[in-house]
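Visitor: Residue numbers (the working numbering), protein chains in the order written: chain A, 1 to 687; chain S, 1001 to 1206.
Because the hints were derived from the structure by calculation, they are not lab data. For glycine and all other residues, C-beta sits at the position ideal for the given N, C-alpha and C. Check each hint, because a few of them may be wrong.
As the list claims (entries may be wrong) - Taking lysine to any residue pairs in the SDA-like style, the calculated list, with each CA pair at most 20 Å apart, reads: (1) A:LYS576 / A:MET485; (2) S:LYS1026 / A:MET148; (3) S:LYS1026 / A:LYS576.
Stated by the list, open to error - Computed from the model, here is a short list of chain S residues facing chain A with C-beta under 8 Å: (4) LEU1013; (5) ASP1014; (6) LEU1043; (7) MET1051; (8) THR1052; (9) ALA1056; (10) GLY1148; (11) HIS1150; (12) THR1152; (13) CYS1155; (14) VAL1160.
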Amino acid sequence: MSGADLWHLLFGKLSADALPFYSAIAATAAGVVVCGALGAALLITWLGRWRYLWREWFTSLDHKKIGIMYVVLSLVMLARAVVEACMMRMQQAVAFDSAGFLPPDHFAQLFTTHGTIMIFFMAMPFLTGLINFVMPLQIGARDVSFPMMNSVSLGLTTAGAGLMMVSLVLGKFSTGGWSGYPPYTELGFNPGVGPDYWIWAVTLSSLGSTLTGINFAVTIYKRRAPGMTLFRMPLFCWTALCASILMIFAMPPLTVATALLACDRYLGMHFFTNSLGGNMMNFANLFWLFGHPEVYILILPPFGVWSEVIANFSAKYLYGYRSLVYATMAIAVLSFTVWVHHFFTMGQSADVNAAFGIATMLIGIPTGVKIYDWMLTLFRGRVRFTVPMLYALAFLLLFPLGGLTGILLANPAVDYQVHNTLFLVAHFHNMLIPGLLFGMLAGYHYWFPKAFGFRLDEVWGRIAFALWVAGFVLAFMPLYALGLMAMPRRTDAFFEAAYLPYTLVAAFGALLILAALVSLCVQVWVSVRRRRETEVFAGDPWNGRTLEWATSSPPPDYNFAVLPQVEGRDAFWLMKQDGRAYRTPDRYEDIEVPRNSAMGPVVGMAGAAAGFALVWHIGWLAIIGVLTMGGALIARSFVRHTTRTIAADEVRRIEARWRDAVAASPGVTRDDETTPANRGHAAMEVA
Amino acid sequence: MNAQGRNYPGINLDHEPQTHAEAEEKVFGFWVFLMSDLVLFALLFATYATMTGATAGGPSGGDVFELKSTMIETGLLLASSFTFGMASLEIKYGGKGRLFAWLAVTLLFGALFLGFEWRDFATMIAQGAPPSRSGFLSAFFVLVGTHGLHVTAGCVWIVVMMAQIAVFGTARDVKIRMLRLGLFWHFLDIVWIAIFSVVYLPGLVR
């Protein structure tokens, strides 16, 4: 065996060429990733916190900690994807009649990673994290149905995110866009490792999301507290349920699409090739059979957040609760009937397009119902302009605008004119930034005190809010105009002078968004430093209405010492009205909670290793990775002590400490809830 | 609802309410998983259906499918479902030795099925019909092969369950796992029936 053969056996296609020294920008990005990872590792070592992280976080099966880890992952990935967005906007600002600073191949990688990260590694983990943290508390449960599977889902998602980060250092990423269309991702067009990175990163995350969907749906069906009927659930739980059902049905098409593409690339098959019977239309159908429901997986949980935030900060019952539930379900069902609108121009008959266009427009109806319900919840409410509420108001103004352009695009005749232009880019960013991202940020501000026991800084929250909104408007409104002027999406350079003013404004908007992201970081820093002033251990800083506020902040491992008895909608509000809140139970019982397990990190690391090995054709490592995943699963099935018991006395101690804190905190009125007077114990006021 | 009313339907577990409560949640979760898995198969079927004509001048189904082998495979798989049913009954009546025996027979049938399938695949490849020959053959191999992978996973699962029965006896968690394995095994039968009807029969009729 020659040296080259041995190298190939051990390291596959890896070689010094994989390092990004061909471009200063790519090398800098790789340097930031390597230095960031090393810096984080060194910092943890210096602080001596590895053991703490492993025991308290990585191996924890507590849904609250898993939820927080998901959100942390999504914020890290958000930072990278926003930087990429800024680079693309800068490129389009300077690339008039010139090549700009990014070569076309690099630009194509950027829009691919930006989209892939924003969807799979920012939006999905963010909403999964919020649902994980909030939903079991809201339905009065002690954990999700399958805590170990929850940890495995996080491990798989993190593995996918890890592959995305590694792709910055070793090799070039796919240039096929976040939807990975062949032929751009086929062997004939791109024999490099880029599409393989995309395939395995997305596959790992989609497997994680399938398991998450199963977990959440079963939890909501089987773990609700006594009296918590489906129609007494907070709306966030309804949206979580519908999004979970969508995940169960919509993630398999993505898995099939990526798996078949992998068959083409690795085994020389012909599913989507241009020769020997391959048909790329099958990929478009499979991908969007996932992709369109995915849009509603992304948007429904934020709709839940809006429902909670608007009702809470208006101090009212949610207006039209039932209509909101039915609208949510209608959207979930309709989301499976519209996928063809993603490729109106790809050759099916006008009749088919018309059917899908009408179905698409129908979705505007239930969504409109929701907007009116939220507006009527505000009507004559006791509205407070806290940061989550500000995001909600921005959403109510900006989101319908995106919806209206969506209705335009739903008309196939209009779509023919503007498809593949920046009009489309403006449309879906207009849905996903005010809809999804603002919703997630509102949820983050709203539930942060529940997770960490202190409130986030209001001033920096408002600064970040103003920058997000201004940045969004300046970055994306010009794109509508550019789209109507026929500027194609994914263009790295242009020669039409009329575009230039708009691309300059958009670039400025992108910088404001970057500033918004920095403000969020400053906010965390400031808030942590001032945490004693904003401490809300008593647990109810916003005069809450739903059950998550009926616990201390942060909640104990077991959530509820005694499972709450639910008497109606807005269960905690009712308890406060009836004087049943904070009542000491007659007796405490031992509580079983899941014991820590290394399964999640082990499966995640093995999955990442297998993915990396498949990208670089390192056979032995791929086999070891896959066998480790399977072996860990089998080994785990022989472990029988999967729970630990918290003794009744211990529960009593924890609960007494909390009740003392509640008793010691003065009741705070709604007017004072953003002042240091707020200790997490709401005064009873007339609604 | 009385305790009787909450009993998990299907094979008898035991009289402990906790077993039934646990089965309720875990088996329901597994049904949901199967639903998701079925979507995966549905899409592979759809892909196959769109690609039956995509032979690119290569062999079509009628050229390479073999009825005898397919019949034997079908018989083996259906028989294995029956023997698994017998194993499920043994959980109720508690004969550990016979439970073991029925599982072993099921495993044998599953392994034989895989052996015949493997031989079919090898024959097809030898006849110049490998998956890389045409879109049609790609779709065929991936659809039938995915089912085969599932059967392989099921066989591994049976071995694991035999080990668990040996170590733990028919404890509560073992019984609930057997319930889920049963669902999985019978589910694979149903998928095979669809493969037989959608892939092999039309391929041979033509």
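Visitor: Grab the minimum C-beta distance from ALA1056 of chain S to chain A and call the hint holds if it beats 8 Å, violated otherwise.
Guide: Given a least distance of 4 Å, the restraint on ALA1056 of chain S holds.
Visitor: Under 8 Å, Cβ to Cβ, is where CYS1155 of chain S needs to be relative to chain A, so tell me if that hint holds or is violated.
Guide: violated, 13 Å
Visitor: Have a go at the LEU1043 of chain S hint: is there a Cβ in chain A nearer than 8 Å to its own Cβ?
Guide: Since the shortest Cβ distance to chain A is 5 Å, the answer is holds.
Visitor: Given the proposed pairing of LYS1026 of chain S with MET148 of chain A, does the C-alpha separation stay at or below 20 Å?
Guide: The hint holds at about 13 Å.
Visitor: Next item in the hint list is LEU1013 of chain S. Is there a CB on chain A closer than 8 Å to its CB?
Guide: violated, 17 Å
Visitor: Given THR1052 of chain S was flagged as interface, is its beta-carbon under 8 Å from a beta-carbon of chain A?
Guide: Since chain A brings no Cβ nearer than about 10 Å to THR1052 of chain S, farther than 8 Å, the hint is violated.
Visitor: Does the interface hint hold: is VAL1160 of chain S within less than 8 Å of chain A, judged Cβ to Cβ?
Guide: holds, 6 Å
Visitor: If you take the shortest Cβ to Cβ gap from THR1152 of chain S to chain A, is it below 8 Å?
Guide: Nearest chain A Cβ about 11 Å off; hint violated.
Visitor: Measure nothing beyond the straight line between the CA atoms of LYS576 of chain A and MET485 of chain A; if it is 20 Å or shorter, mark the hint as holding.
Guide: violated, 57 Å
Visitor: Run the distance test for LYS1026 of chain S versus LYS576 of chain A: straight-line Cα separation, threshold 20 Å.
Guide: Cα-Cα ~35 Å, so violated.
Visitor: Given HIS1150 of chain S was flagged as interface, is its beta-carbon under 8 Å from a beta-carbon of chain A?
Guide: Since chain A brings no Cβ nearer than about 14 Å to HIS1150 of chain S, farther than 8 Å, the hint is violated.
Visitor: Holds or violated: GLY1148 of chain S as interface residue toward chain A, Cβ cutoff 8 Å?
Guide: Violated. Min distance 15 Å.
Checked against the numbered hints above, the structure violates hints 1, 3, 4, 5, 8, 10, 11, 12 and 13; every other hint is satisfied.
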